[in-house]
Each structure stands twice: as C-alpha cells, then as structure tokens.
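> Chains A and B are the protein sequences, given in the same order.
Quick note: the first sequence uses the numbering used here, first residue 8, plus one each step.
Quick note: the second sequence uses the numbering used here, first residue 574, plus one each step.
Since the hints were derived computationally from the structure, they do not count as laboratory data.
The reader is advised that the hints may include incorrect statements.
What the hints assert, rightly or not - Chain B is faced by these chain A residues, among others (derived, beta-carbon under 10 Å): (1) Ser104; (2) Leu146; (3) Gln162; (4) Val178; (5) Asn218; (6) Ser256.
Ideal placement from N, C-alpha and C gives every residue a C-beta, glycine not left out.
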Amino acid sequence: MIKLCRSNKERQMKTNKNKEPNVLIITYCLLLITAVFHFPSIANADTLSNGNYSIDVGNIDTNPQPTQIPPPKNQVLGISTPQPEFTTGPNYTVNTSNDSFSINVLQNTVDYGILSSTNPVIRTSGISFSDPKFGAEILTYENRPLESAKNDIIQNTSCDNGDCSSFTAAVWTNTLTYGFGYRCDSQDPTLCDPQFANSNYFKQYPEDSLNEQAEPLMINNGNTHQNKAVITYKVNIPGTQKVTAYYNSITYLAVPGF
Amino acid sequence: MKRVLFFALLFLLLDLSQKPALADDISLNVSPSVLKIQAKPPADIWAPFTIKDQSDQPITLTIGYKAIDPQASQNGNVIFVKNGQPIPGEDKKIFEKMQVVDDNNNSQNTISLGPKQSAHLRLHIILPSDETNSDYYFSLIFLENTLGINQNSTNNINEDQSTSSKIQTGIAVNVLLAIGDQSSIQGTINTFSTPFLRESGPVPFSLIVFNNGAHFISPHGQILIKNMFGQTIGRVTIPSTTILAGTGRTFTNNSFVDPTIYGSSNTTSQNSPVLIWPEQFLLGMYTATLSLTLSPNGPMYARTIHFFAFPLNYLLSLCILIVIILLIYLRVKKKMS
Chain A
8 MIKLCRSNKE RQMKTNKNKE PNVLIITYCL LLITAVFHFP SIANADTLSN
58 GNYSIDVGNI DTNPQPTQIP PPKNQVLGIS TPQPEFTTGP NYTVNTSNDS
108 FSINVLQNTV DYGILSSTNP VIRTSGISFS DPKFGAEILT YENRPLESAK
158 NDIIQNTSCD NGDCSSFTAA VWTNTLTYGF GYRCDSQDPT LCDPQFANSN
208 YFKQYPEDSL NEQAEPLMIN NGNTHQNKAV ITYKVNIPGT QKVTAYYNSI
258 TYLAVPGF
Chain B
574 MKRVLFFALL FLLLDLSQKP ALADDISLNV SPSVLKIQAK PPADIWAPFT
624 IKDQSDQPIT LTIGYKAIDP QASQNGNVIF VKNGQPIPGE DKKIFEKMQV
674 VDDNNNSQNT ISLGPKQSAH LRLHIILPSD ETNSDYYFSL IFLENTLGIN
724 QNSTNNINED QSTSSKIQTG IAVNVLLAIG DQSSIQGTIN TFSTPFLRES
774 GPVPFSLIVF NNGAHFISPH GQILIKNMFG QTIGRVTIPS TTILAGTGRT
824 FTNNSFVDPT IYGSSNTTSQ NSPVLIWPEQ FLLGMYTATL SLTLSPNGPM
874 YARTIHFFAF PLNYLLSLCI LIVIILLIYL RVKKKMS
C-alpha cells in the first residue's frame with residue numbers, strides 16, 4: 008500500500024514538473040503584457056522634426072531645475088490695479104474681462120428607452136460651468152415637445168395640479184400625470200431655481216417653436232464656486248399614447264455676466 | 574506558482590479596468606468672456622477672442638448675435654430681448670456692420686473645431702463716419718450645429734422605438750459697444766445706506782448707482798469705516814462692475830441671485846444684494862464714507878453715513894453674570910458673619 012502511494016506521489020511530481028514551465032511561461036507573458044500596457048504614455052525624445060525643420064538636442068534634462076521665486080509685491084491699500092488694456096486702434100479701445108469661461112455638458116443625448124404607459128422614465132445628466140469674473144448663467148429651451156416621425160406629440164407636463172409651466176415649478180408624483188419635464192439640483196441652493204428646493208417639483212422647458220423666451224437654468228453671480236448641477240428629465244405617457252420613438256432637442260446656452 | 578499566476582492575473586485585471594470611461598460630453602471655452610468696446614466713428618474695430626473645444630469629439634458651431642435687454646439685465650445677469658422685438662439702440666442694422674473673422678480675415682458664420690482645438694477669432698466692426706452715437710449690448714453666441722440632428726429626418730428614426738432628447742450646447746461672449754464721445758459721464762448715487770442701530774456685525778451697506786449718461790460706465794470705489802475716535806478700522810472694496818446706460822445697478826459682494834430672474838415669486842431663500850463689512854464686534858458710533866469714481870477720468874462722488882452699534886446681548890449677559898456673582902458673595906458673607 009505504502010509503495011503504491013509513493014509511486015502515485017512520484018507520478019504526480021513528474022506531471023507537476025512538466026506543467027511548471029508552462030505555468031511559468033504564462034505568468035511571464037502576463038507580467039510582460041501588464042508592464043507593456045502600464046508604461047506606454049511618455050516618450051522623451053531628443054530629436055524633433057517635420058518636413059520643414061529638425062531640432063537635435065544632445066540630451067534632455069528631465070530633472071526639475073531650481074527656479075527663482077520672484078519677491079512678493081507690496082500691495083498698497085486704496086489703490087486698485089488698473090485693468091489691462093487689451094487692444095486699441097484709431098478711434099477705439101477694447102477692454103476685456105481678462106478671464107475665460109467654459110461650459111461642460113456630460114451627455115450629448117438623453118436616451119429614455121422604449122416608453123410604456125403610466126411608467127415614468129427618469130434620467131439624469133450633469134452640467135457645469137466655470138467661475139467667470141462677473142458670474143454666469145445657463146439658459147435653456149427645447150426646440151419643441153417630444154415628437155414622433157408621424158407628428159405624435161408627448162406634451163410638456165402640467166404637473167399634478169396643472170400649474171407648472173416654463174417659469175413655475177410644481178409637484179409631479181402622480182403616475183397618472185403625463186408629459187415631459189425637468190428639474191435641477193445642486194449643492195448650492197442658490198444655483199438652480201429656488202423652486203426646486205422642494206423635491207419632486209418639475210418645470211416645462213420653454214418652447215422655441217412657440218417663440219418662448221429661454222429660461223435661466225442655473226445662475227451664479229460670481230460669489231459661489233459651486234457651479235455643478237444635475238438635471239433630472241422625466242417622461243410619462245398614457246395608455247392611449249402611441250408607442251413609438253419621440254425626439255426633441257434641448258439647448259443649454261452658457262452666458263457670462265458683466 | 575499558482576499564487577504568482579493569481580496575482581499576475583489580478584494585476585492585469587486591475588490594470589485594464591483602470592482605463593478612463595469615455596463619455597460623450599461637450600465642453601466649450603471662450604476667452605475673454607466680456608469685450609468692452611469704446612469707439613468714436615469712423616472706426617475699424619478689431620476685437621480678438623478665442624474659442625476652444627475642450628471635449629474629445631469634433632463640434633461645429635453656428636455663430637449668431639443676440640441683443641441684451643439693458644433694463645432687465647441691469648444687475649449683470651444677461652436677459653435677452655424677446656424674440657421679434659427690435660434691438661435697443663439707434664442703429665437697428667448694427668449687426669450688419671459686424672462680422673466674425675478668422676486669422677486670414679475670412680468671415681465666418683460657422684466654425685468647426687476638432688477635439689481640443691482652439692480657434693483665434695476677431696469681431697470686426699466697421700463704423701462709418703455718420704454712425705449715430707449710441708450703446709449696443711449683445712452676446713456673440715456659438716451654438717452647436719443641429720443640422721445633423723433634425724428630428725424630422727427619417728435618418729434619425731431609431732428602429733428600436735427608443736425615445737431621446739439631443740442636447741445642444743452653446744456658449745456666449747458678451748459685447749458692450751459704446752459709440753460716440755465718452756466725455757459726458759453722469760451718474761447718481763441713488764442709495765447708500767445701512768440700518769442706523771445694530772447690535773453686532775457684519776454690517777450690510779446698500780449701494781445703488783444710476784448711470785444717467787449715454788454710455789456704459791465701470792465705476793471703482795471703496796467704503797472706509799471709521800470709529801468714534803476717528804481711526805479707520807475697516808474698508809470695503811466696491812467690486813468693479815459695469816453699469817449700462819440708463820440703468821441702475823445694485824452693488825454686492827455677497828452671494829445674491831435676483832429671484833425675479835427665474836420668473837417666480839418665490840423669494841424665501843434669497844439674500845439681499847448688499848456690500849458686507851465682515852466685522853463682528855461693534856461698539857459705539859461709526860462713520861462710513863463712500864468714495865466712487867465713475868471712470869478713470871472722473872467724476873468722483875463721496876457720501877457719508879453714520880451708524881451706532883451697541884452689543885445689547887453681550888452687556889445683558891455681563892450684567893446677569895455680575896448680579897449672580899454679587900448674590901453669591903453676599904450670601905457667603907452673610908453665612909460667614
């Protein structure tokens with residue numbers, strides 16, 4: 008019995024020895040792939056060229072060099088620094104705010120999927136803008152209500168009490184209230200319309216096809232650094248609504264203050 | 574060996590999973606955000622600015638102009654003139670005298686930007702010698718081209734009956750254009766006030782300045798606060814802002830959003846637009862002197878107000894403390910005797 012066990016163990020050890028090189032090769036390959044994918048990005052070259060020029064540098068010293076720190080300038084109270092003149096020409100002067108301003112919308116399409124009756128679809132997307140010198144706002148409007156290729160329309164919501172519009176928000180929780188609307192949420196309560204402080208309050212988008220004026224979605228007067236908001240879109244259709252694809256376009260226009 | 578293989582696999586898995594998630598975001602940047610142009614006809618004006626596509630996908634933008642309603646936008650938040658209404662100002666065809674040009678002076682109605690690409694553009698305005706004196710306030714708008722996302726087009730009809738909204742992104746540069754002689758600058762300080770009696774700080778100052786002149790102004794100034802001994806103990810810098818012609822502006826250095834701008838009557842969570850002096854402990858009579866210069870060439874205005882601070886709560890607490898100590902002292906003295 009003992010002999011039999013020993014012979015089994017010896018056989019196992021032999022097969023393990025045969026497997027070991029294979030395992031080692033796989034391991035080395037994996038480590039090699041990992042290493043190759045891990046350090047692909049930076050290539051420091053000492054020759055730059057194209058069709059018109061070539062620059063050869065003997066060596067590139069990538070060590071950070073000590074830089075001289077300029078001495079701090081004394082600020083004199085009561086005297087404000089004059090704004091730099093941007094450009095001038097004969098008979099005119101252009102002064103600028105000397106800043107930059109940006110908008111960032113996290114999605115270029117909001118997909119509601121296939122709609123089913125009395126089953127509200129809720130989607131969210133992020134929107135932000137930079138903090139310009141004089142504040143900023145984001146104006147919004149839709150080109151038209153959600154509309155199918157055969158001109159079937161999902162109307163903008165009028166909320167549970169029938170009161171909401173493009174400038175008045177109202178509660179919308181009833182699954183038997185139909186339409187399309189939005190709300191805005193931000194950590195800073197002054198950024199979005201204060202009406203959205205109440206949860207489940209929604210508004211309609213102003214309709215460009217009806218010549219309605221764009222409405223402010225977010226406003227920053229330059230005194231808060233919180234410029235991010237989450238927009239919640241809600242669609243709900245009745246049983247009589249044709250189940251097909253509906254489309255519209257929603258515009259977010261970032262306008263700086265002055 | 575199995576352990577080594579396991580860790581190698583794990584490391585590979587972690588490494589592959591760390592790749593950034595690519596979203597279909599749109600990001601646009603303009604610099605500067607405001608162009609203030611003062612011109613005397615005839616003038617050939619060139620105002621440079623830059624627009625950048627900060628996202629990872631190409632974008633085509635349509636360039637347009639939209640007039641600002643000066644009365645509705647007097648506190649710095651832009652409200653456009655309603656659709657169909659004429660643009661404010663003498664020359665109703667002022668937009669025909671301007672164009673956006675590229676580095677080669679080619680006029681542009683649309684601009685295509687690749688990922689991370691920026692374009693240096695110039696607003697070119699030609700004012701003839703007979704151009705009437707007036708101010709024009711407008712936004713130069715760059716709106717994502719929606720030509721390819723026309724929802725009526727059968728090309729866009731999704732076969733899986735999926736409903737969607739296309740997001741169109743846009744960005745604006747404000748242009749304040751003053752045409753004519755800049756010498757006649759007139760303004761009035763409509764309001765400079767603070768409550769006369771107060772217990773403690775911070776102190777709010779209401780300041781409303783009206784621009785009576787024909788052109789926009791950018792006043793500079795400060796409020797100096799002196800105590801009853803004549804020592805200057807505080808200073809509030811008036812933020813540099815623009816007052817449009819024929820409008821008043823409420824100055825503020827605190828967080829304020831005009832509730833009416835949202836079209837709602839809900840004002841419950843709003844602050845009032847004021848200049849704040851953040852001093853907390855106040856005692857006695859104070860003098861606040863406002864110095865305001867409407868332009869680098871003047872005129873300069875000064876106005877003085879007084880307010881009195883008496884920390885009633887602190888003094889009441891102190892009195893109660895003294896009374897308690899006195900009572901304890903008397904009781905102890907009585908027991909001792």
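> All the hints need checking, so say for each whether the structure fits it.
Here is how each hint holds up against the structure:
1. Ser104: With Cβ-Cβ at 4 Å, under 10 Å, it holds.
2. Leu146: holds, 8 Å
3. Gln162: violated, 14 Å
4. Val178: violated, 14 Å
5. Asn218: Holds: closest Cβ of chain B sits about 5 Å from asparagine 218 (chain A), inside 10 Å.
6. Ser256: holds, 5 Å
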